[in-house]
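Chemist: One letter stands for each residue in the lines below.
Number of protein chains: 2
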Amino acid sequence: MAKVFHRLMKVDEAVELVKRHLKSLSLELEYVALTEALGRILAETVVSPIDYPPFDRATVDGYAVNSTSLLNADEENPVKLRVVGEVKVGELPGLEVKPGEATEIHTGAPIPKGADSVVMSEYTKRVGDYVFIYRSTYPGENIAQTGVDLMVGETLLRKGVVLTSREISVLAAIGLDKIPVYRRVKIAVISTGCEVQPPGSPLKPGRIYDVNSSTISCMLRELGCQPDILGIYPDDFDVLREVVGKALENYDVVISSGSTSAGFGDVIYRVFNSLGKPGVLVHGLLMRPGKPTVAAVINGKFALGLPGFPVSAMIAFHMFARPIIAHLIGLPIESPLKIRASLPFRVKTGGGVKTIIPVSLTSNHFGFFSAYPIVEESGAIWRLALSDGFIECPEERDFLDEDEEVYVTLFSKSIKPADLVFIGSHCLGLDILFECFREPLTMKMVNIGSMGGLLAVKRGEADVAGIHLLDPETMQYNIPYIRKYGLEGRVVLVRGYARTQGFIVKPGNPKKICGFKDFFREDVTIINRNKGSGTRALIDEGLRKASESLGLKFEEAVKRIRGYTFEAKTHSAVASAVTHGKCDVGVGIEAAAYACGLEFIPIAEESYDFLILSDRLQKKPVQLFIEILGSDMFKRVLMERLRGYRSLKETGSVVYR
Amino acid sequence: MAKVFHRLMKVDEAVELVKRHLKSLSLELEYVALTEALGRILAETVVSPIDYPPFDRATVDGYAVNSTSLLNADEENPVKLRVVGEVKVGELPGLEVKPGEATEIHTGAPIPKGADSVVMSEYTKRVGDYVFIYRSTYPGENIAQTGVDLMVGETLLRKGVVLTSREISVLAAIGLDKIPVYRRVKIAVISTGCEVQPPGSPLKPGRIYDVNSSTISCMLRELGCQPDILGIYPDDFDVLREVVGKALENYDVVISSGSTSAGFGDVIYRVFNSLGKPGVLVHGLLMRPGKPTVAAVINGKFALGLPGFPVSAMIAFHMFARPIIAHLIGLPIESPLKIRASLPFRVKTGGGVKTIIPVSLTSNHFGFFSAYPIVEESGAIWRLALSDGFIECPEERDFLDEDEEVYVTLFSKSIKPADLVFIGSHCLGLDILFECFREPLTMKMVNIGSMGGLLAVKRGEADVAGIHLLDPETMQYNIPYIRKYGLEGRVVLVRGYARTQGFIVKPGNPKKICGFKDFFREDVTIINRNKGSGTRALIDEGLRKASESLGLKFEEAVKRIRGYTFEAKTHSAVASAVTHGKCDVGVGIEAAAYACGLEFIPIAEESYDFLILSDRLQKKPVQLFIEILGSDMFKRVLMERLRGYRSLKETGSVVYR
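In order, the protein sequence lines correspond to chains A and B.
Start counting the first sequence at 185; every next residue gets the next number (this note's numbering).
Start counting the second sequence at 185; every next residue gets the next number (this note's numbering).
Because identical chains cannot be distinguished in the list, a pair is counted as satisfied if it fits within a single copy or across any two copies.
Here are the simulated SDA-like pairs of lysine to any residue, each with C-alpha atoms no more than 25 angstroms apart in a straight line: (1) Lys207 with Gln410; (2) Lys743 with Thr252; (3) Lys833 with Arg800; (4) Lys264 with Arg746.
Don't read these hints as lab results, they were simulated from the structure.
Extracted from the complex, chain A is given alone in its bound form (with noise of 0.2 angstroms):
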């Protein structure tokens, strides 16, 4: 059976090799109203019809005069003219103004024969018939001069602008009222497989909800394309045949997701291979996610293939079906932005394939970016939603390492602001802890464990870390980590609250857990935490214990434990696992137990606080962070909605300086 896909390409070679095969659409032209051009791209060259400004106007309010009247007046010498008339805006002045006279006049009134200049009316006194100016003028001087900023026959706009506020501003400075511009592409979009169910009605079991079909039409919809969603499709050959035959007649550009990996079910290439020549150009691309793409090109047109996993559409959409896109219109599409960060740790990479690895981007004392990876499945939409963009890692690369300089492309055309970045360990407790914010903060959140945080805040990059980090030394929490780490006088710690820590199993205990001992049980298996979070450093203890007690070595006593390599990142995907009985035990904070029903063996009470550098003090948002963790109303609802959750005394007080 093994199918295999037919050669896996380089994303660029695989770009090219579409992109030889597909002519540019020849779009046509339609006029829309100067308002409603706004995004569009114009379809002609816009050469001005006429000057702009179309006569000489004064830029002030004042008086016009001759600059050769006024030649040596000074504020001791005020020259004094004689006042012939007033111009106003909207009239043509019928008037002339000699030497020794002036005319008042307004600003964006054209300026009258004879006056070269206008003398602001600060500069003036009006005396009767007369005014005395105080000081000279010099030919132009406060005039904008006929066709200045545009001339009759000069182009202003090519064809092709994408459309702002500022080339609409141009364009109603020519008097258009209608404006040609290209239609936009019109592309299909099609769901395919049989567990994918349209949201708004309940999840059937096995299904999951399509999110490619308004994902997808989302990205077209911000790359200027107008995408129809034509429906969720089963994976048949017969019908898919069908579907997409007939899309490719009404369609500029057909987009299906699913179906187009290499296995048993998907039919996607076969499905375009039927549909014309030269048919499927691309099976499978050289990267990571985003492999199972499919690309063909079916009498002139482009189809493509997306994965079925969102993230993995979504990377390719970005990485292969964008600039092909492109192509197609024959037009500019806006290149995302790109920014230079550096990697705050190593991260291993697939080496072979283009690894596309989505990151955020917190900014550190001197303004540059770090870029933190904040995904590893291709499954991880909502991480793909908290990022700013995504870094390459080249195919023949295994790793990038600590501190290198990597780009970061920009999904949005900018970085979303953030007025208080947190990073460190995961916590239900901070939710709450936002949800008590009156003011509209945005916030960016990067959980990657407490060991994490401390290292975020030492190179700057975090306003607040939460950690919750034992010392096997004292048995302190917190405290002993800043002195270890060198950042003894550069940081605050502010308590947090108590959580309780403990055994998750499932409800009845079936396999009766009573301590660390018994994850070396071989009828036993666990779920660990990822490393580097104070979970797994009160694990870790916990089987250092053990071991000694049963005279191993922890090293070697570890390697029996069944499901010890398993790693979890948040306490809900431990308790998530113990439900689903992937394992029989983990170790998690009892809220996350209490939320899915599972039992709870108390371990220890740890202390959840949260690490600032003294010089984020003065941050409003941080400050604020601070003011609501202290108040009454966090404290109460904290200890109601979570289990095991305690606020203490000194919650919201600096309990390390």
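Fit chain B to the given chain A structure using the hints.
Modeler: Here is chain B on its own, set in the frame of chain A:
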């Protein structure tokens, strides 16, 4: 008369003052369909109602196994497992996988009971009811765990988030099809002034088109607001009082433009003050452009009077209105992105007020940005449309220095990508050249004269510079300057075309101008060109010889010339100045004179050539540029369309390397 602004305020102070008097709007919530939520602001915090993935899923096609079955499997020692079934997507598996067994499984299908990992089909060989597996697995391998992305009860998106395609993907993943978003802020847009006429009909004398209504409403839509254009009203207290008063009842915010300065007919501040308390808070900003800005709070609503000049209105909108609207909405508006750049030359600014200078960004050899100031007049709409953003010169500075580091606030959320950067002298021939491009190239054109172009090439910021620089010693064009500026070996000079320069005068040459000597006559006013332009070099060379022949020193002689200090920046501006009687004579190319129906007295033919860095010759757009320059089509169209232009035998050839 001389009315004055009440008190000019610093922009930041003014923003804070208005914010103190304005409460945030409590925007109502409305539900929109999933894909219609793109770009809207989420009005409720979204907590996940499901786990995602909702079940443990295979992430590859292959065989679901228990890792203990494959403990020592490798390429040499495959393990043979019995295939007990097949798990398809969209159904819950009824079967169980025991040690020694495997099931076929498809990407996205639920993991059957008993299996803890999936081995990819690439590492398997199927033989009848059995499968040989050539590697071991670890628990969890190729499985997306239930809830590893989203967990029930987890806070996914906080209210106040702007929904991009990535947030839409999260909302789809949890099955939402109606999304709670804030209603858009409704803003009334009013233009004032008797001279203002709507686009779409021929311009009447003394009138200008209404630029502000459409531009302001597009800027508001770019911020996500919902503007309504109410029309153009005369500068009349009673009329405006009624219009603004009614608008304040029906809209969240009212924005007018025009009628804001402290002069004769400007009534907006009286209108605002008459409509409620506290009334006008700001009347005049310490900023250029944008000074005549009026801001009021009227019975709790925000009323803003922007300046009438479009560029002033746009700058005041960005600097002043934007942060207040953000405060009013009470939601984060994406902050404009700022980019570090350096100034290519010294810029004088108006001390005492904050000066806003639009700039065009180009990058140099090392990827750093240079910010070319490209607007000086506050009416220069078109040049604003060409700029990428603006820099701010603080109140206390009189200039910004060459090479000084500046921060550029981007207008759009990204830098417009340019395939070809042209910096140098303005030439009508270029418009024709670019019309001949078939490919949709994006061009960045910065017109700062020949000398500026030469220096931009030296700094690596321009791909191509258009220059026409006469060396008075050798009387040769352009090549001597390559040596003078130490560019030998680093650049090539590509021959452009010849243009005839001469005196531009009114039809019939009423002042009988026949040489530079006439510039010294008392009855003659000239218009000069900007320093650094090739034409200025030609003028000064001519005047030097003329003053010598009159027995005068050049520096003294030019002081006698009327209009010598009045500098136009383009050939067209010179022709326009002559047309409108602002001066009697200027020097420029024949084509400009011809376009305005003026008389032309030739002085000399000059060589307009293209300076290109040698290493840029590899850039495809540069190659295209040279190719088209040398094409017969271009040469033909050039001579057909532009009087006084002549293509040369060497046009399009490298004449210096």
